[in-house]
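Two chains, two frames, some hints: make the complex.
For the protein sequence lines, the chains are V and U, in the order given.
For the first sequence, our numbering begins at 1 and goes up steadily by one.
For the second sequence, our numbering begins at 1 and goes up steadily by one.
Where hints are given, some of them may not hold.
Think about it this way: if two alpha-carbon atoms lie no more than 30 Å apart in a straight line, the pair counts; the simulated BS3-like pairs of lysine-lysine are [to be verified]:
(1) 261(V) with 129(V)
(2) 192(U) with 6(V)
(3) 53(V) with 312(V)
(4) 129(V) with 6(V)
(5) 192(U) with 216(V)
(6) 261(V) with 130(V)
No lab work stands behind these hints: they were computed from the structure.
Since the structure is predicted, the reported quantities are computational estimates derived from the model, not experimental observations.
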Amino acid sequence: MKYVAKRLAFILPTLLALSLIIFYTTTFFPPRKRVALFIPDNPYKLSRIPIDKLIEKYHLNDPFYVQYYRWIKEVLRGNFGYSHLYNKSVINVILRNLPATLELVMYAAPIILLGGYKLGVFSAKRASKKAPKEDTIDFAIRSVSIFGYSIPRFCVALLFLVIFYVGLGWSGPGRLGHEAGHAIFSHSSNWIHYTGLYTVDALLNGEPWIFLDALKHLFLPAITLSTEILPIVIRVTRSAMLGELTMPYVLMAKAKGLNEKAVSRHAERNSLTSVLTVSGMLLASMLTGVVVTEYVFLIQGVGNLTVKAAQKFDYPLLVGLAITFCLIFALINLFVEIVYARINPRVTG
Amino acid sequence: MTRGTKVIFHGLKRSPLSFLGLIMIGFFVVVAVAAPILAPPEPGQDPYVAPHEEISYYVFPLPTFPSPEHHFGTLNGYDLYYGCIWGTRTAFQVALLAIVIQLVVGLSIGSIAGYFGGVIDELMMRLTDIFFAFPGLLVALIFIVALPAEWVVNLGPLNLSVTFSPMQKIAVAIALTGWPLYARLIRGEIIKVKSEDYVEAAKAIGCSNIRIVTRHILPNTTYPVLIMASLNIGTIVLSAATLSFLGFGPGGRYSPELRCYAEWGTIISDTRRFLFWSTTEPFKYIHTLLFPGLFLSCFVLGWSLIGDALRNVLDPMLRRR
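Looking at chain U on its own, in the form it has when it is part of the complex (with noise of 0.2 Å):
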């Protein structure tokens, strides 16, 4: 362990609300890994598309209340507790396809600008800005839009074709949006680096440019942008949940099997008529709402405190350099 994530590890301990949000990422990490064990899928099935009963889109049998056999009840003829128990997973899976992707454009933009500057530079830098000065969700919306379901790269002798399902293309929806962030952070750090004196002496060497960018500037500037990279693991699951409530995932306007799909922005765009069924029992439905709700709220929170005390403990750190 290096001083500085012992110091990270003092800071966390130090505050109350941290840790509370450490447990709370914990028990989410420990239901998406134990999805299978909690709510068993039915056999030969594809495990994300809750058990479901026969539906349509215009015959959709009411909501149940919990009971032993349906935890959190039921809502279109699937159970509760299983939508939500393997949203946890997709949640997971949507961020870190995300990630992966905005990591992969903001490292190779930012290194790239970062490391030969100049016109290069300036050009990436506001290619950059203007990704990042854009309202991110609406971008996301119009490229899920734009975006077809098989898209087709043409690059001569490779030709690649990638399917993408409705939560894989939310995902790269919001990646694509997602990236300038790590762009400048990459371009900052690597600027910094850049005059030390061990890139110097790998220059005199004789190394080559990608070379020293992959081998020797890119292991040093990690660490930073791994840690920012985790703690916006909630951002983009809130976003993707925000995006399917609007009806861009997989309940939208796709087939009826995938309305079942346990994602929680979909559960939550599915309740919706049922939440205002009745002014004599306003309440009567509202467990439809407060199961998934809870469980997404929980997801983005637990990742809010911690990022709130690694911003505390990190700060001062940053400071000091």
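Same shape as in the complex, but just chain V (with noise of 0.2 Å):
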């Protein structure tokens, strides 16, 4: 409980030092622009104002310290401004689009953690089988991830796009198809919006086929997302495996006569703490994998709206973009340290 405390404590001035730099590049913008940092409304209603007038108005000549205070202020209330590209105030616009990406990381991740998780095991227990020579599945399966890792994901996206769903017509871009688009919303539809992400809400309100339709749109768009973190999973996992496969213990277990299954099961629980040491540099590699699959995929996520607010110069939205980018990081990160804290008590003392 110490320790979640401290690592509260250690979280905030980071959150704080963040959103200072975020708020310092915005004093780069132009004033017309910055006062829609301050505002929940249209700022355009102001156009009428010359720019002297409008910077007194808003005090955007005030010391930054003071700008930074009341805008924090703001913030916190949760009010990020107005965004001229969707005419909509920040705060609507990114939680109108939250639940695509997260419908998209909540099918990719498995596959990431798990899929590398297993596979970097299972590399790791062919290799230290075959100790001084090199194993040919072992082999083939770090070629085949380094492969992955360096094959740019915007490349792999349009290939994927090209082949099976211009080529071989399997679905189209989006998260949804014409007919289930049409079904969710036409105006007579009786579609429940529950949480926004589709898979989850046709289920509840019992439409299997909008679930598969779905289902078909989010397959292409998860593989894109992994292919340039499932490698780091797999590397890590297996480096660690081996690590603790030549480790005491595992001579010792062996020794006793304990079966195969039962010794990397030991190992693989003690090589399961070097992948969460590595999990912020994999949520950033998952970050910027969002933006690019969503953007090449079309799928109307924070991503695809972060490359949208700054090809459109919407500074509002994208300083509301980057400060909810951080203070995801910054939860998950926690929820990892605490997680990591379970697992391995040492790093408590």
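Written out as structure tokens, the structure is:
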């Protein structure tokens, strides 16, 4: 408990510093755009007001820290400003786009974590059995994962699109097919948006065909998302497992006559911690991947939103997204650290 | 040749994959150096902008297929072969610029933190942690949007004004997110070296702090840092290509002239329009994706192969210390 409190105490200054950096970058922006940071309303209503009046009215000439204080107060209240791209307040836009990203990550994460972990352990076991020599399957897994790590995600995504969507006609970009979209968004539909995740909502609404349709649209994006991350998990698990297998306790267990499965179970549990240590890196790679994947597959999630906001210079939206990402990032890292402390009690000491 | 380098070369020779990587990188170095011979630019023009037909945002010619005249075919009215060849140069340029900036920032922060220790160390490392923890590409994206094309730094008498080309902007943005790695590495190395006898001796003679760091400590820590930096070239180029694919490179919102900029990510971004041109012949224009995609993938793959082998070689060496 003390450890959790300590981690929490560390996260607050981190978030503070990050918000300071983010706010500092906004000082580069032109004043008419900066106004949108402070108001929840369309700033173009103010376009008749001359610029110096505007600066005066919204105190854009105040010292940096005064402006920051006023801004962060609004942010803590949930007011991120106004997005001119969507004609809505930023927080609404972000909340509307979040479920698509969540759904994508929800399906990609098991592939990445479970698949990567199992493959890494398998690879390490093969390698350690033929210790001084190279094992062919281990070698194959390693080389394929290096290839997977090196081929850019957007190339993979485009190839998938051409082969499976245009060529074979499996499904199309976006989150839903035409019929499913019609069934959900037509006026006569009595679809209830429980969570915004279409696969979950479809089951809750009792429409299994929409569930299948949504799943079909999620399959390739989830694979694309995992291409660059899966190899990291495989590599880390493999080397950790190899390290564990040379430990004295494994030798001891073998000497006692424990069977292969039981021995590897011991080692597997200990190598699990090493995957958690790179979780920050995995998460960063995941967020980057979400941006690229959503952009290519035309999924209306926060990743796509980020690209659009940056392309169209929608600063309040971009700043709001950055704050959101920081928050998500910090929270997940905190969660991982607590889990880590649970698994490996040595760190709390 | 020192013993360390010998061990590394021996290790590299033993692994066939790293040999493949070396060949790939060698190929790209040759291509980059020989670019003016392989694809001669038109005299008087910017060589990084592929020679092209008259184009605008709304009117664009369809891609053509590989022919003796255009080895890889054309895209948007420019020669794909030219774009791929000069794209190699762009890739190396971006990587070098980014690495130099990263090294300067990382070295200064890391060495200050490592040498002085205490509160300064704590503060700087927290800052590093913050940057390290955040997803690089997203921060780079924000930097690209926030960075003005002309950056005026007013330091009293010193009035610097730096103009960025789109590619330089990308390199700077990537560098500003990548330095924490070096800062940490350098700090660790310096803490290790700090207690060595020769540093103590230098202190005893009365050398200044700056002299000790720059003349005695840094030369002894450059080796691992340089290896790390060279291994990062692949990642940097990948990030740069991703950013320009997303529309923040030369092709994006700049002049139509720069749409023909020789950069792999930009080219691939341009192919999207034609990949989904017809449903009856889905693979008609796939060569416009395959050629630049192959260049980019091989470039990144080459560096990862070498990096993987080097890590295997260096790991036991690092462990031995």
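Hint check:
1. Taking the CA atoms of residue 261(V) and residue 129(V), the gap is near 13 Å; set against the 30 Å cutoff, the hint holds.
2. Of the pairs offered as hints, the one joining residue 192(U) and residue 6(V) holds, with about 28 Å between alpha carbons and a cut-off of 30 Å not exceeded.
3. Using a Cα cut-off of 30 Å, the hinted pair residue 53(V) and residue 312(V) holds, with the two alpha carbons roughly 26 Å apart.
4. As the CA atoms of residue 129(V) and residue 6(V) are separated by approximately 43 Å, the hinted pair breaks the 30 Å bound.
5. Between residue 192(U) and residue 216(V), the direct Cα distance comes to roughly 54 Å. Violation of the 30 Å bound is thereby established for this hinted pair.
6. At roughly 17 Å between alpha-carbon atoms, residue 261(V) and residue 130(V) fall within 30 Å of each other, so this suggested pair holds.
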